[in-house]
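S.K.: With chain A's structure known, arrange chain B on it following the hints.
Protein chains: 2
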Amino acid sequence: MFYLSEPFAMPTVVVCFSPALYPYLDKGDDLITVVIDVLRATTSFCTAFDYGVREIIPVNSLETAMVHKENGHLVAAERDGVKPAFADYSNSAFDFMNNAIVGKSIYYTTTNGTRAIELATAAGKVAIASFLNIPAITRWLIAQNSNVILLCAGWKNNFCIEDTLCAGAIAKSLIQDNRFELADDSALTSVTLWNTCNEHLETMIRRSSHFNRLKKLGYDDVLSYSLQIGKSNAVPVMQGNSIVNLSNAKNNKTV
Amino acid sequence: MFYLSEPFAMPTVVVCFSPALYPYLDKGDDLITVVIDVLRATTSFCTAFDYGVREIIPVNSLETAMVHKENGHLVAAERDGVKPAFADYSNSAFDFMNNAIVGKSIYYTTTNGTRAIELATAAGKVAIASFLNIPAITRWLIAQNSNVILLCAGWKNNFCIEDTLCAGAIAKSLIQDNRFELADDSALTSVTLWNTCNEHLETMIRRSSHFNRLKKLGYDDVLSYSLQIGKSNAVPVMQGNSIVNLSNAKNNKTV
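Chains as they are written, first to last, in our numbering: chain A, 283 to 537; chain B, 283 to 537.
Next up, chain A with everything else stripped away, as it sits in the complex (with noise of 0.2 Å):
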């Protein structure tokens, strides 16, 4: 039983909805936003991460992820579920699961994952989770010991039901042990949300706007590899202007 009653004594979890409804939070000075982009940013870069990748550079403009093209730098890029033709890579996991990325810097530029990413970084750390990677970075940041804003990127700032429930299966993982309260709604609904689906996510998501928007643009491939929980052990955070990984586990893949 949840009461989301104030003062709260641990660190506490909050689910924002979209990035749209982030300026309204109240945000203190020890804060960890984790940006949450299932379908597809926050995947693939889990993805690339265990594939090897050494840095991921967010970017706000398919112009300048261009410039980072011409300039010989790997660029992925994706507007409205589409790869520009320019970019080496799209929004799928599928295309980093690539031994050319071993090492490298990709420049990456999204709809909405990216955007998500420049909110959260003006208002303090900021971490990256997917199904993927919930069990490493539910693990990361029970030991940052600070509060936590779970932020669904969402489709255009519209509300999706994917990443809703990726924050719930993480609201729930940091309230174990009594290490953190939830202290907002979203975060109850999402954990509620997720005790009533999670023995039928991939039906669930299936029926979801968003995945039927990218069905009719062919992309319905990585739903089922997506939902795979602790498929990776990637901990992506942002340092400086680029995502690092923090993991100490050694499970870089191969092709």
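The list treats identical chains as interchangeable, and a pair is accepted whether it falls inside one copy or across any two copies.
Restricting the straight-line Cα-Cα distance to at most 30 Å, the calculated cross-link-like pairs of lysine-lysine (DSS-like) are:
| hint | residue 1 | residue 2 |
| --- | --- | --- |
| 1 | Lys386 | Lys365 |
| 2 | Lys498 | Lys309 |
| 3 | Lys309 | Lys438 |
| 4 | Lys497 | Lys351 |
| 5 | Lys454 | Lys535 |
| 6 | Lys386 | Lys351 |
| 7 | Lys407 | Lys454 |
| 8 | Lys309 | Lys497 |
| 9 | Lys309 | Lys365 |
| 10 | Lys498 | Lys454 |
| 11 | Lys438 | Lys454 |
| 12 | Lys407 | Lys438 |
| 13 | Lys365 | Lys535 |
Hints were generated in silico from the structure; no laboratory data involved.
M.R.: Frame of chain A; chain B shown alone:
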């Protein structure tokens, strides 16, 4: 089983979790926005119509409300849960179980509810719902046969679970008998939350942040009353600059 895949064959129902997300929704020409602010504005509106008020005129500022008061009108007002001294009525439904309101106009301003109404009015038709009038408003919406957005007023643009549960209950009623289709992940989530929680609705809302905020102000008395589905036959609909009751039911109460 719901699948959110366009094109939709029937009128659609969408849920908006916050006034801050309302601008991002696709809105067609044939739209009714139903504003939900369970704690406490829309519960109070339904009650006021049950007790014979002629019309409720939403106003957005305390200053405007004060001018109406000085001109001899009845005024209901609330900011941050508290009734300003000049107002006749607070935002509690109990204030409107009152013979003095019969046949009268009430100018009404609140922290969340009246702002949501103002926003919705710019987009099309506006109706008002709470748990009290779910059967009545559902029947009316079915008769209109328009697309529906259920707009949760929330708390200062933050998500509130009590409004979402009410939206889920209305959405579930609308999709029965294949009259409407759920059209976004928010609607799918609201119905799932309602299905999961409706048997322990009051327990769930007593955990919520908004309830605990009001409780600290001494306002927890109205919750059990507010959750009585079907208690009111009111069909409050915006016409011009005021909300009137389109119900044909002769259920007006007296003290």
